[in-house]
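S.K.: Numbers 11 to 537, taken from this note's numbering, label the letters of the sequence shown in order.
Just so you know, the hints here were simulated from the structure itself, not pulled from any lab data.
Since the structure is predicted, the reported quantities are computational estimates derived from the model, not experimental observations.
Backbone N, C-alpha and C fix where the C-beta goes; we use that ideal spot for every residue, glycine too.
Do not take every clue at face value.
Label pairs and their calculated CB-CB ranges [as the list claims (entries may be wrong)]: (1) 258 x 300: 51 to 59 Å; (2) 497 x 190: 14 to 22 Å; (3) 86 x 302: 32 to 40 Å; (4) 142 x 296: 32 to 40 Å; (5) 383 x 145: 36 to 44 Å.
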Amino acid sequence: MVQTVLEGKGGAPRGRRRLAVGDGQLRQARVVALLPVVLACAATPLHAENWTIVPSIAVSETLTDNVFLSSSSNKQGDLVTGITPSISVNGQGARANLRLDYGYTEQLYLREKSQRNHQNALNAVGTLEAIEDFFFIDATGRISQQYLSAFGAVSPSNANVDRNRTETSSYSLSPYLRGKLLGWADYRLRYQATTTSSQSNLAPGLNSYQWSGGLNGSTRWNHITWALDASSLKNDYEFGRDYDATRYDVTVAYRFNPQFQVSLLGGRESNDYVSLDQQTNFTRGVGFDWTPSTRTRLNAIVRNRFFGTGWDINFSHRRPRSMLTFRSSKDVSLQPQGVGNTGQGNNYDAFYAIIAATNPTFTPAQIGAQTAQLLVDRGIPADSTVVNGYLNDRPQVQNLQQLTAALMGSRNTVTFTATRSEQQGLSVINGLTDDYSTRDRILQVGYGIIWAHQLSGLSSLSLSFNQQRSSSFITSSPETTTTGGYLLLSTRITPKTSANIGARRVISSGVTSYSENALTGALSHSF
C-alpha cells in the first residue's frame, strides 16, 4: 500500500496543449544549447590518440504521387531532390572519446519550388576524463525529426512535407565525480543539465536539471552488497507548469553464486506530478539478475511507485548467428525516446553483438566498421523504430514493451522489431489529483520486418514491411493506422561509393488517411 504525505506548496494549474496538427510558428533555436557539443569537441583533440574524420555527400531522388501526404482527392505528385553533405568524426584516446555524426539535407521540389524543407541530423557523444580517476564530463547532442501528434500523418521519408513533424534538438552536459570513500565504498556525484527545443510552437521547450549521487560497497560477508542512491530533478517547461521530483533509494543485494543475485529495495519519492503540492510516497521492491551463460542474461526490478507498480525487465539471448532482446518497463517519461537517444540503432546494436561474438579478436573499432559496412551493403537501416512516439508538454507514465530479433546468414539477413507503448499524461484537474482515468491514455503498437539477400559481393536486395497503429481507450476514440511496404536494391560501385534504387507503397487510415506510391534512388560517396 502506498503511503501519502503532503509537503509544501506547488505551482498553479496550467492549461492543456491541444492535440493538434499544424504549421506552427518557427522559433529560433537557443545558441547556448550548442555548448555541450562544442565543449566535447574542443576538449577531445587534447587527449584523443586515434582520429577518424570522414566527410561524405549523398544525392537522392524521390518521385512521389503524394508529396504532402494528403487524402486521395487532394494528392499532388512531385520529384524531390535531396542533397546531404555530412561528416562523421570518431576520436578515441586514453582520456577522451568523441563520436559525432552530422548531416544537413536540403530538399528541392520540382513542382512546389516555393516549398522549403531543410533538415539537420546530429548524433554526438563526447566524454572527457578531466582529472584522472576523479572528475569526468559527458556531453551529448541530438537533432532529429519528431512527431507532434500520435494521430497525425507518419512520414514514409524525409522528402515528404509533413505538418505533423518538426525538427527537435536536445543537448546535455553532465560533469560528475567518482572515486573511493575511505577505501570501503565507491561514491559518485553527478549533475546533468539538458535542454530540448523544437521548431514548432505546438511543442514547448524543456529544460531539465538533475543532481544524483550514490554510495555502494560490500560487507564482511562477501555475498552481500549494498547501495544508497539519491536524486533531485527539476523540469522547466517553456510554458505551463514546472515539475520537481526527488528520490532516495536503499538496495541490499545477495549473490547466491556468480550467475544469480537477488536484491531488496526500499526508499522514498516526492513529486508534484499529479498534485499542486509535493506528494511523498514510500517505495519498496525486489529485483534479480540471472546470467546462466555468457550468451543469456535476464534482470528485473519491480517496485511500488506513486502511479502504482513500476518495473524494468530486460532479457537478451545470443546464438552464434542471431540475437534476441526484450525489454518491458513502466516508468515516468518526459519525452519520446528518439529525442535524446544517442545510440546507433537497434539493428546496429544487434549485429554489433553478433559480429563481436563471432570475431573475438576484433577491436571495438573493427567491430563497428564491419557492422556499419554490413548494414550499408545489405540495405538495412541502423535503426528500425516502429513506434515513433510524440512530443509532450508534461510528464507521462509510459508502459513500454520492445522486442528485437536479428538473424545473420552468409547471404540472407532478417530483422524483426515489435513495440507496444501505452502513455498517460500526469496532470492536475481542478486542483485535484488525477485518478489515472482512461481519458488521456494513448496506445501505440507497431512492428516491422526486414529481409535482405546478398545477390553478389557488391549488390543486395531488401524487402521490408512495417505498421504502426495509434489509438486511445475511450469509446469512438480516434485511431490512425499506417502500413508500408518497401523494396530496395543496393550496390557498391567503389569502396567509397554506393547507390540504391527502391520503391514503396504506404497506406494510412483513420484520423489521417492517405496513400502514397514512390520510386527512389540515391548515390553516396565518402571522401
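S.K.: I'd like to know which numbered hints this structure contradicts. Please list them from smallest to largest.
M.R.: Checked against the structure, the hints that fail are numbers 1, 2, 3, while the rest are satisfied.
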